[in-house]
Amino acid sequence: MQSACGKLRQAAKQTLNHPRFIELRNFASFESKYNSVRSGPRTAFSLDKNFGPKTFTPPSFKRYGLASMLPSSGGQTLSLDRSAAIASAWPTRNITTSTSTSIDASASASDSPSPDVPKRIKFKRLDKTARHIMQIIDKEAVEEVKTNREIPDIRPGYIVQLKVEVPENKRRVSVIKGIVIARRNAGLNTTFRIRRLVAGVGIESLFPLYSPNIKEIKVLEKKKVRRAKLYYLREKMNALKKQ
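Going by the working numbering, the first residue of the sequence shown is number 50, and it counts up by one from there.
Simulated pairs of lysine-lysine, DSS-like, Cα-Cα distance not exceeding 27 Å:
1. 226 with 212
2. 273 with 226
3. 264 with 219
4. 273 with 195
5. 226 with 285
6. 267 with 285
7. 278 with 212
8. 272 with 285
9. 267 with 219
10. 285 with 271
11. 264 with 195
12. 272 with 226
13. 226 with 278
14. 195 with 226
15. 271 with 226
16. 188 with 267
Worth flagging that the hints you see were computed from the coordinates, not collected in a lab.
The task is simple: from the sequences and hints, build the whole structure.
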């Protein structure tokens with residue numbers, strides 16, 4: 050009987066001194082520490098910078114396979130199973146590359162009908178018609194005035210008689226007689242200058258050729274001159290006398 054007890058004691062000592070039992074005891078202490086500070090962010094987990102949190106497994110588990118040696122009692126698993134369950138419940142981040150999704154997205158984009166894009170309006174540069182639009186408008190206005198009333202061709206050297214309405218009194222019409230000494234062609238703004246004598250004094254008047262105040266233009270005499278500007282007649286007392 051004593052020999053049997055001695056053998057049991059010797060077997061118990063050998064079991065306590067066995068390296069696997071030592072590792073198991075260390076694991077039990079590790080479990081108690083884990084349960085005490087379980088709510089902390091650094092227990093049984095380490096944060097991976099690239100792929101999220103991962104569980105911490107002691108190197109002795111890999112050497113001696115303690116995961117298979119640990120028993121379960123009353124339907125409750127030990128800390129290794131609990132750590133594995135917590136690790137599975139912890140959110141993880143994974144990076145995946147897929148070319149099929151990009152291909153499908155491009156195919157769907159090509160299949161979808163494109164919205165109606167308005168056509169681009171091309172603007173041409175200004176041609177001669179656009180550059181000389183004012184000249185064309187003046188020409189049309191001159192033609193309109195000529196169709197409404199008769200306007201004779203007035204040149205320097207012609208003696209003309211005008212019937213002009215006074216702007217202050219439309220009922221009053223004055224008659225002006227004189228010699229044309231100059232003409233300036235400017236489309237609708239064409240003007241001519243008449244010189245006449247009033248009480249022995251030479252007076253020059255400038256009139257717009259297409260002015261609505263001029264009711265009548267009558268050419269009395271046509272004198273041939275060599276100049277376009279007859280300003281030399283200013284030195285003569287009577288420019289209307291026959292030369």
